[in-house]
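For reference, the chains in residue letters:
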Amino acid sequence: MLPAVPKVRSGAGLPARSGVGLKPEHFRDALETRPDIGFFEVHAENYMVDGGPFHHFLGRIREHYPLSLHGVGLSIGAEGPLDEGHLDRLDALMKRYQPASFSEHLAWSSHGEVFFNDLLPVPYDRATLYRVCDHVDRVQERLRRQMLLENPSTYLEFEASTMDEAAFLTEVIRRTGCGLLLDVNNVHVSCVNHGRDALAYISSLPLDAVGEIHLAGFATDRDAVGAPLLIDSHGAPVDEAVWSLYAAVLARTGPTPTLLERDNDVPSLATLLAEAQRAEDLMLAPSEPERCGIAWGGS
Amino acid sequence: MTQATFAAALLTPDLPCPAGLRAWNGSDPTARLAVYRNNVVSSLIGAVAHTFPVTQELVGEAFFRAMASVFVRQHPPRSRVLAHYGAEFADFVDGFEPARAVPYLADVARLERARVLAHHASDADPLTAETLGVAMSSGEDLGALQLVCHPSTSVVLSGYAIVSVWAAHQGDGDLSDIDPAVPESALVVRLGLDVLVLRLPPGAARFVIALQTGAGLADASALAAGEAADFELPKVLALLLGHGALISVQLPGSHFQ
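Each protein sequence line maps, in turn, to chains W and S.
Mind the numbering: the first sequence is residues 1 to 299 in the working numbering, read in order.
Mind the numbering: the second sequence is residues 1001 to 1257 in the working numbering, read in order.
Rather than coming from a laboratory, the hints here were simulated on the basis of the structure.
It cannot be assumed that every hint is accurate.
[As the list claims (entries may be wrong)] Subject to a maximum C-alpha distance of 25 Å in a straight line, what follows is the list of computed DMTMM-like cross-link-like pairs (lysine to aspartate or glutamate):
1. W:K23 to S:E1061
2. W:K23 to S:D1028
3. W:K95 to S:E1057
4. W:K95 to S:E1061
5. W:K23 to S:D1194
6. W:K23 to W:E79
7. W:K95 to W:D125
8. S:K1235 to S:D1194
[Unchecked claim] Listed below are several chain S residues computed to face chain W (Cβ distance under 7 Å; list not exhaustive):
9. A1007
10. A1009
11. V1070
12. R1073
All of these numbers come straight from a predicted model, not from anything done at the bench.
Don't be surprised by glycine CBs; every beta carbon is placed ideally from N, CA and C.
Sequences and hints are given; from them, build the entire structure.
See below:
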């Protein structure tokens, strides 16, 4: 039986505008200049502390902007049970900051006692599907709201996989009623890394479930035979290939809350805002998919 | 393949790539697993470097990263909240043979760790001199008064000049003028949004530690004076009050507003 999760688009609270990640080095700048953006996003785990400047500034910034709470440590793809203590901490943040959206990743990051601080891959098989659905159900039940699940950047595939990633995500969304956080950079990275067609991948996702889009930069490496291996670094401007893909997604979804993510080599707030402006310009431009030079495959 | 197998391969680079992994182009998955191995270790090294910037400056980035790479594999995080990471780092530095040439390195790391804890500690309004004055003139037993420290307060004891070394790396003083063998004890406390590092006068470290374990004013002063004959209570109280290190004064059973 499908769980009774209200079929509300998770982004309903986030405006269909662009936002940026709130970094501690930008706290004062953001509060003093109050840039005209749609929302700020924070990593939930950075605010799981008792007091001090993080809560001081987030509380004040929250008075002026909608907030997206983005988890990086829940380990939804883990073989073990969810950490109920971590869910409690998330719930406390929800109550304190009333975010418009909560999102997490299709990945695992903890095993046993150890936290790896990375988003690790899962095989796309039935056992994993049932487990991930159980975990998403539990998150939505505990937090009493719909969550968005983000498609991952991956570098490896599993021989155990019996379905492709888009089919796996589609099934999780169908069974749990969660929304999709469509990370367009992750789509590009994973599709290059696994020799897939990005547009075909996107076409096979339930795009009506997209509550938020992420854009970020990647780094380029090579695999053992010299094929490009893109690394989701969050340390560079958004690549032109990702902007094109984003425009193609927007042509299908219409204006959608879009976050510019930068977690490493963080530039000035003004630089991030310029990227956010470009996303918003694309969002508000008349829908002309052919303009971005991308042709959709048969879907 | 289980996540236990994958997890073990992440932190142990000598382990072969687990079976059951593949790449679309048939290439050796080891090179692709290396991305995860590198992400995990370099992000954790980055977290350690973020908490211990002066420790890193003292030994240089290359040495620090090599040392931290050993640390993160031996002591990966047990918490999903990275602000809590690094509790074992100073002890690890103490036992890290190649770092012996900088004998005060571990104590500087202790000071930096205390700063991060203070940064994220609970908020509380500082005790005012007026409230303390009311308590001290209330006619109650002065010696039994208990002073409660701000949640961000900690003392770092050292046989080295850790406060001077740390301050020089903030642009305050010249490293070449410092004799690192002069013992210094640090008071770390957050005043408003800023974490302060203060050099404690003789006996004051023992006094603060006594307060934190619930000792009354008389007992804490006696402990401090026993350690340093020149301990001056009024001076130390002024230092603590002036930097927000006290939040309340109480007698067992009563509380002064």
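Violated hints, by number in ascending order, as checked against the structure = The structure conflicts with hints 2, 3, 4, 6, 7, 10, 11, 12, although it agrees with all the remaining ones.
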